[in-house]
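Protein chains in written order, with this note's numbering: chain A, 1 to 351; chain B, 352 to 589.
Don't read these hints as lab results, they were simulated from the structure. Since this is a predicted model, take the numbers as computed values, not measurements. There's no promise every hint is true.
[What the hints assert, rightly or not] Label-pair restraints from in silico Cβ distances:
#1 A/K128 / B/I472: 40 to 50 angstroms
#2 A/N173 / B/A460: 48 to 58 angstroms
#3 A/N114 / B/N356: 17 to 27 angstroms
#4 A/S161 / B/I525: 17 to 27 angstroms
#5 B/I428 / A/A196: 22 to 32 angstroms
#6 A/N173 / B/F367: 19 to 29 angstroms
#7 B/I428 / A/H254: 51 to 61 angstroms
#8 B/L522 / A/Y11: 26 to 36 angstroms
#9 B/I409 / A/K128: 35 to 45 angstroms
By construction, the Cβ of each residue, glycine as well, lies at the ideal position given by its N, Cα and C atoms.
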Amino acid sequence: MIEVKELTKSYGPTLAVNQVSFEARAGEVVGFIGPNGAGKTTTMRILTCYLTADSGSASVAGYDVQEHPIDVRKNVGYLPESAPLYVDMGVVDYLKFMTEIREIPKFERRQRINSVIDICGLSSVVQKDIGELSKGFRQRVGLAQSLIHDPPILILDEPTSGLDPSQTIEIRNLIKELGKEKLVLFSTHILPEVSATCSRILMINQGQIVANGTLQELIGQVQSDDTVHVAIRGADEEIRARLNEIEGVMEIRHVATGNGVESYEVTTSQGIDSPTELFFLAAVENNWQMAELRHESVDLEQVFLNFTTGEVEETAPIEEIVTQVEDTSPIEEIDTQTEEAVTGITVAEEE
Amino acid sequence: MRNINAIFKKEFRSYFNSPIAYIFMTVFLGISSWLFFRTFFISAQAEMRGLFGLMPWIFLFFIPAVTMKLWAEEKKIGTAEILMTLPIRDFEVVLGKFFASFALLAVTALFSLCIPISVAIVGDPDQGTIICGYLGLLLMGAAYLSIGLFASTLTENQIVAFILGICACFLLLIIGEEIVLFSTPNWLYPIFSYLGLGTHYSSILRGVIDSRDIIYYLTIIGFFLYLSTLSVESRKWR
Numbered sequence: 001m002i003e004v005k006e007l008t009k010s011y012g013p014t015l016a017v018n019q020v021s022f023e024a025r026a027g028e029v030v031g032f033i034g035p036n037g038a039g040k041t042t043t044m045r046i047l048t049c050y051l052t053a054d055s056g057s058a059s060v061a062g063y064d065v066q067e068h069p070i071d072v073r074k075n076v077g078y079l080p081e082s083a084p085l086y087v088d089m090g091v092v093d094y095l096k097f098m099t100e101i102r103e104i105p106k107f108e109r110r111q112r113i114n115s116v117i118d119i120c121g122l123s124s125v126v127q128k129d130i131g132e133l134s135k136g137f138r139q140r141v142g143l144a145q146s147l148i149h150d151p152p153i154l155i156l157d158e159p160t161s162g163l164d165p166s167q168t169i170e171i172r173n174l175i176k177e178l179g180k181e182k183l184v185l186f187s188t189h190i191l192p193e194v195s196a197t198c199s200r201i202l203m204i205n206q207g208q209i210v211a212n213g214t215l216q217e218l219i220g221q222v223q224s225d226d227t228v229h230v231a232i233r234g235a236d237e238e239i240r241a242r243l244n245e246i247e248g249v250m251e252i253r254h255v256a257t258g259n260g261v262e263s264y265e266v267t268t269s270q271g272i273d274s275p276t277e278l279f280f281l282a283a284v285e286n287n288w289q290m291a292e293l294r295h296e297s298v299d300l301e302q303v304f305l306n307f308t309t310g311e312v313e314e315t316a317p318i319e320e321i322v323t324q325v326e327d328t329s330p331i332e333e334i335d336t337q338t339e340e341a342v343t344g345i346t347v348a349e350e351e
Numbered sequence: 352m353r354n355i356n357a358i359f360k361k362e363f364r365s366y367f368n369s370p371i372a373y374i375f376m377t378v379f380l381g382i383s384s385w386l387f388f389r390t391f392f393i394s395a396q397a398e399m400r401g402l403f404g405l406m407p408w409i410f411l412f413f414i415p416a417v418t419m420k421l422w423a424e425e426k427k428i429g430t431a432e433i434l435m436t437l438p439i440r441d442f443e444v445v446l447g448k449f450f451a452s453f454a455l456l457a458v459t460a461l462f463s464l465c466i467p468i469s470v471a472i473v474g475d476p477d478q479g480t481i482i483c484g485y486l487g488l489l490l491m492g493a494a495y496l497s498i499g500l501f502a503s504t505l506t507e508n509q510i511v512a513f514i515l516g517i518c519a520c521f522l523l524l525i526i527g528e529e530i531v532l533f534s535t536p537n538w539l540y541p542i543f544s545y546l547g548l549g550t551h552y553s554s555i556l557r558g559v560i561d562s563r564d565i566i567y568y569l570t571i572i573g574f575f576l577y578l579s580t581l582s583v584e585s586r587k588w589r
């Protein structure tokens with residue numbers, strides 16, 4: 001449905017999207033996440049033929065975005081960021097206008113409008129002008145607009161921004177529901193949203209796809225050790241000695257003592273599938289009274305940090321480059337050069 | 352064609368959904384009636400030459416006010432992003448918007464018919480020159496509209512679009528004036544005098560409908576609508 005190959009787009013000297021490639025099929029909900037300015041919106045704008053890429057190719061619903069933009073747009077429903085709408089139009093007038101432009105036959109228009117009003121929960125505001133609506137309702141009108149022609153592909157740029165928690169959940173459920181038949185590509189920077197709705201995650205940073213896969217796959221890729229919190233009744237030294245014998249235990253930190261219970265934070269190496277099970281077995285063998293056993297696994301937030309900021313900060317050479325540059329060049333140049341250096345390093349690590 | 356119609360209807364309705372259309376029509380008709388009747392009873396001549404002669408200058412401020420929001424507002428509030436990702440070609444949107452603004456002008460001209468009607472009641476005006484005057488008015492107005500529309504595609508600030516529109520129309524208007532032509536080099540003289548918006552208008556006002564004048568206006572309109580389309584498309588590679 002969507003096929004993107006080595007898409008590149010720059011605004012002047014800033015590289016917004018850099019060699020982005022991915023594919024997505026019907027029945028998928030693809031979450032597009034990344035920090036601000038990572039290139040999410042630009043990619044979406046290219047896919048909806050609002051902008052043209054500098055190089056690379058993209059095809060949507062089997063049509064090339066360069067050669068058949070009209071056919072692409074017919075198959076796509078698009079909700080831009082912050083749902084820009086004509087504030088002086090009535091809700092129904094606006095949807096009617098959309099049915100006309102979308103070339104929905106006259107006899108179907110009423111039915112289509114009613115159906116999107118129903119899906120998006122707009123029945124309480126049909127009488128109003130868009131300008132009178134709250135942010136949440138505007139967002140819904142924007143969504144209704146993108147659904148009006150029942151497109152096989154939906155591209156939504158931050159569909160839940162500005163909504164209250166219950167509205168957010170409604171929209172998420174709607175996205176999930178729509179994702180059963182359609183391809184939904186949506187961007188967000190709210191991480192729980194991604195784990196709640198997406199069947200696949202595309203993580204983008206500084207214009208490049210840094211991760212692509214299901215949540216589980218991405219968590220698996222993160223090079224990070226697991227932490228197990230355990231609290232056991234008994235003597236500190238004996239417990240430590242026994243804990244050290246457990247497979248995969250790398251470091252034991254004593255956290256607290258209370259009522260004869262010793263609490264520890266144990267770091268285990270990543271290869272261990274279920275560290276808690278091993279700890280439990282050890283407790284049974286040693287006849288321990290266990291007060292707490294908790295496995296802190298890597299969550300999406302850590303994955304995100306790892307793929308975006310983490311890598312960059314941890315890499316040493318950047319500092320050297322910065323210091324070298326600082327001696328000679330004015331400040332603006334440092335920024336660009338550092339950026340280049342950072343991008344360079346991300347590429348290198350990716351490969 | 353259906354798309355142009357949809358855009359046209361939306362834009363035309365939006366003029367009347369907002370105060371713009373009412374303010375435009377009231378103030379325009381008010382000012383032009385006043386300018387007309389101020390001297391009408393003194394000169395006691397049943398003709399509208401004087402008013403038609405003033406129109407290029409009145410339009411200079413009124414027409415860019417009609418077109419300034421057409422693109423600037425879409426860009427400012429971001430609705431252009433939805434509009435330009437609908438299955439519709441850029442030139443269709445440009446044409447739809449142009450026709451909507453022209454329709455507003457035509458409706459206003461229709462209301463202004465009360466002036467020649469009252470002239471006809473008190474005297475016996477030459478109907479031919481009045482009909483020619485209206486034709487010239489609409490052609491020149493349409494040319495102004497296309498220029499204003501182009502100015503509006505250049506910026507997302509309506510005030511800037513307004514001023515730019517005035518400047519562009521003003522330039523194109525004065526290059527045909529005698530006082531400018533007087534000081535232009537000889538080789539530029541025919542070009543300037545041909546391009547001047549006013550030159551063709553005054554020849555239509557004289558009651559002579561020359562196909563060259565009509566072709567001139569249609570060319571100007573087509574040219575600026577084409578520039579508008581290019582300007583709208585330029586978002587893609589900027």
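To see whether the hints hold, each was checked on the structure:
no.	hint	verdict
1	A/K128 / B/I472: 40 to 50 angstroms	holds (47 angstroms)
2	A/N173 / B/A460: 48 to 58 angstroms	holds (54 angstroms)
3	A/N114 / B/N356: 17 to 27 angstroms	holds (24 angstroms)
4	A/S161 / B/I525: 17 to 27 angstroms	violated (50 angstroms)
5	B/I428 / A/A196: 22 to 32 angstroms	holds (30 angstroms)
6	A/N173 / B/F367: 19 to 29 angstroms	violated (40 angstroms)
7	B/I428 / A/H254: 51 to 61 angstroms	holds (59 angstroms)
8	B/L522 / A/Y11: 26 to 36 angstroms	holds (32 angstroms)
9	B/I409 / A/K128: 35 to 45 angstroms	holds (38 angstroms)
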